[in-house]
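Enquirer: So you can see what is in the structure, the chains are spelled out below.
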Amino acid sequence: MRISPYLALVAAGALSIPLLTHDNYVIQLLNIAILNAIVVLGLNYTTGWTGQINFGQAAFYGLGAYSTALATKFGLPWIAASFSAILVVALASLVLGLPTLRLRTHYLAMTTIGFAEIVRLIIVHWEPVTGGTSGLRDIPGIDLLGWHPQGQIQHYYIMIAVLALAVVVAARIRHSTVGRAMIATKDSEIAAEQSGVDTLRMKLLAFMIGAIYAGIAGCLYASSIRFISPDSFSGTQAVFLMTMLIVGGMGSIPGCVAGALALTILPEALRFLGQWYLVLYGLGVIGIIALLPGGLASVISVRKLRWGHPQ
Amino acid sequence: MGQLIVNGLALGSIYALVALGLLMIFNTVQIVNFAQGQLLMLGAFIGISSAVTQELPIAIAWIVTMAAMALIGIVFMVLVYLPLRGRSPFLVILTTISMGIVLENLALIIWGPLPVSLPSPVHGAPLRFAGVVISMHQAFTFATLIVVLTLQFLLLTRTRFGILMQATAQDLRTARLVGIPVQRTIAVAFASGAVLSGIAGLLVAPTYLAEPTMGGSLGLKAFVVSVIGGFGSLPGAVIGGLSLGLIETFGARYISSNFRDAYAFIIMIGVLIAWPRGLFGEKTSEKV
Chain A
546 MRISPYLALV
556 AAGALSIPLL
566 THDNYVIQLL
576 NIAILNAIVV
586 LGLNYTTGWT
596 GQINFGQAAF
606 YGLGAYSTAL
616 ATKFGLPWIA
626 ASFSAILVVA
636 LASLVLGLPT
646 LRLRTHYLAM
656 TTIGFAEIVR
666 LIIVHWEPVT
676 GGTSGLRDIP
686 GIDLLGWHPQ
696 GQIQHYYIMI
706 AVLALAVVVA
716 ARIRHSTVGR
726 AMIATKDSEI
736 AAEQSGVDTL
746 RMKLLAFMIG
756 AIYAGIAGCL
766 YASSIRFISP
776 DSFSGTQAVF
786 LMTMLIVGGM
796 GSIPGCVAGA
806 LALTILPEAL
816 RFLGQWYLVL
826 YGLGVIGIIA
836 LLPGGLASVI
846 SVRKLRWGHP
856 Q
Chain B
81 MGQLIVNGLA
91 LGSIYALVAL
101 GLLMIFNTVQ
111 IVNFAQGQLL
121 MLGAFIGISS
131 AVTQELPIAI
141 AWIVTMAAMA
151 LIGIVFMVLV
161 YLPLRGRSPF
171 LVILTTISMG
181 IVLENLALII
191 WGPLPVSLPS
201 PVHGAPLRFA
211 GVVISMHQAF
221 TFATLIVVLT
231 LQFLLLTRTR
241 FGILMQATAQ
251 DLRTARLVGI
261 PVQRTIAVAF
271 ASGAVLSGIA
281 GLLVAPTYLA
291 EPTMGGSLGL
301 KAFVVSVIGG
311 FGSLPGAVIG
321 GLSLGLIETF
331 GARYISSNFR
341 DAYAFIIMIG
351 VLIAWPRGLF
361 GEKTSEKV
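Listed in order, the protein sequences are those of chains A and B.
Residue numbers for the first sequence follow our numbering, beginning at 546 and rising by one.
Residue numbers for the second sequence follow our numbering, beginning at 81 and rising by one.
Hints were generated in silico from the structure; no laboratory data involved.
Keep in mind it's a predicted model, so treat the numbers as computed, not measured.
All C-beta atoms, glycine included, are put in the ideal place defined by N, C-alpha and C.
Don't take each hint at face value.
What the hints assert, rightly or not - If you want a taste of the chain B side facing chain A, the calculated C-beta under 8 Å gives, among others:
#: 1; residue: V155
#: 2; residue: V158
#: 3; residue: L164
#: 4; residue: F170
#: 5; residue: M179
#: 6; residue: I335
#: 7; residue: N338
To be verified - Chain B regions said to be covered by chain A (calculated; three or more residues, Cβ under 8 Å):
#: 8; segment: 250-258
#: 9; segment: 298-305
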């Protein structure tokens, strides 16, 4: 990946934000926005590149968070707990994806919605373990080889580091054989198969990498906020994640990040609208799908073209 | 046992009605409407506004609701279907979901979050035989399902309009080319799909109360029903609906009532893995 001046500018900006504000509320909001960005980057593998609908991403996010919370509460060291959480999520995505990824459009949409709903019902009703609707409190914090990050700002830098890693991995995969095979699967499964791409395997791979992204974000969520409840990982959340991807621009890495940041911060800024916010949200998403199918990213790439950079 | 069967079938009739509404739209434009449950919710609340708030006689309230739902169906088509013709199915799915969010929150603003009840159009002592009690409302629900099913069957197979719908579904461009009023056919499909959901809403509200968030899970159930029965199949929607009602009622009684909402999804995923086209087969093949 070439380091472009824009990228360096964005990175410098991101790193200096805590110098500009010490408002814990703002930093906490940013932390959630960054976690959403990681989850949406994961969703982008399945939906943006491989072209498969996935409304199960919020459930994988939740699965990662609950596994981490339960493992650390049980007494496992943080590193071991987070690895086991990621393993749980990867296994769950394999078990769900293997038999169902050959389904298409609304069938796949419903399967993933159904999976998410089953996960949610288990979390809500398995009270002795998951705490039911009231959730889990006092989850042990992050422990990186004896270093316990304190306060929002230290957590912010951890999140930024993980997001950067997530972006770099995504960018590397995008331009590898695997990334191209994923996009070929999206464009035309028949043509991809003809060119020797095992499309089912690509779909499964994209699905699992995406779930692992969500699992990592869930793990960070549980150990940084230290309180989780089923509401944060509901079906509604899955729809919000999908709209972040659409608004940002399907398939575009900067788009995913921009979409997640914008749609996490916007509701806080528009809180005065109350219930009207969600009405406008829905209409806004319909408007973007109808008028700007490439999302925010397409606006940026149009400008890039004008400046003479090839796509 | 007999009582559970009656209760299960009553619940299943509602699922079948919503699934029939879903089918109306799917069979014409191949769009799966994820906001069907929210249309049901609107039907229930328009019924409540006319019958309870405006104190209209319940029969008039039903007519007002059905007329309003027909209109809403057409508005829905203009807002959701027209801007997206020819786009990928995924974007259409997301648009209907977004429309569901809009409708649900508009309902919260208009009617508030509290559950409200609607009187049933029928009164009188419940029917009893062999120890089984069938309330008048349950009997009326079965009767409505049978009437709707008969009308829809005749409409789709015996009338000119049904043939126009099939032609539109098979190939929109050719249908237009041979002079079929495609736009009008699609408008009728959306309107009748919304009316069917509205009727289901009017039938749900007396037993289960109405609240703005009721649509989400009912819409998904209708979807599960369609998947089990095979998308676009009339008998599939009815048999799928009734069996889901029975499964949920018996599952809640004999396995666990906490997980009654999970049975639908577990069965759906099982059916999809084993018979990807549904038990009764999908009528029209899917366009890629």
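Enquirer: Indicate, hint by hint, whether the structure satisfies it.
Expert: Consistency of the hints with the structure:
Here the hint on V155/B is broken, as its CB sits about 13 Å from the closest CB of chain A, past 8 Å. The interface hint given for V158/B is violated, since its Cβ lies 12 Å from the closest Cβ of chain A, which is over the 8 Å cut-off. At a threshold of 8 Å, the smallest CB-CB gap from L164/B to chain A is about 6 Å, leaving the interface hint in force. Interface restraint check for F170/B: the shortest CB-CB distance to chain A comes to about 5 Å, inside 8 Å, so the restraint holds.
Taking 8 Å as the C-beta cut-off, the interface hint given for M179/B holds, the closest approach to chain A being about 6 Å. About 12 Å separates the beta-carbon of I335/B from the nearest beta-carbon of chain A, more than 8 Å, and the hint is not met. Residue-level restraint check for N338/B holds (minimum Cβ-Cβ distance to chain A is 4 Å; threshold 8 Å). Restraint check on the segment 250-258 of chain B versus chain A: 0 residues with Cβ-Cβ distances below 8 Å, three needed, restraint violated.
Requiring three or more residues with a Cβ within less than 8 Å of a Cβ of chain A, the coverage given for the segment 298-305 of chain B holds, as 3 such residues are present.
The structure shown violates the earlier hints numbered 1, 2, 6, 8.
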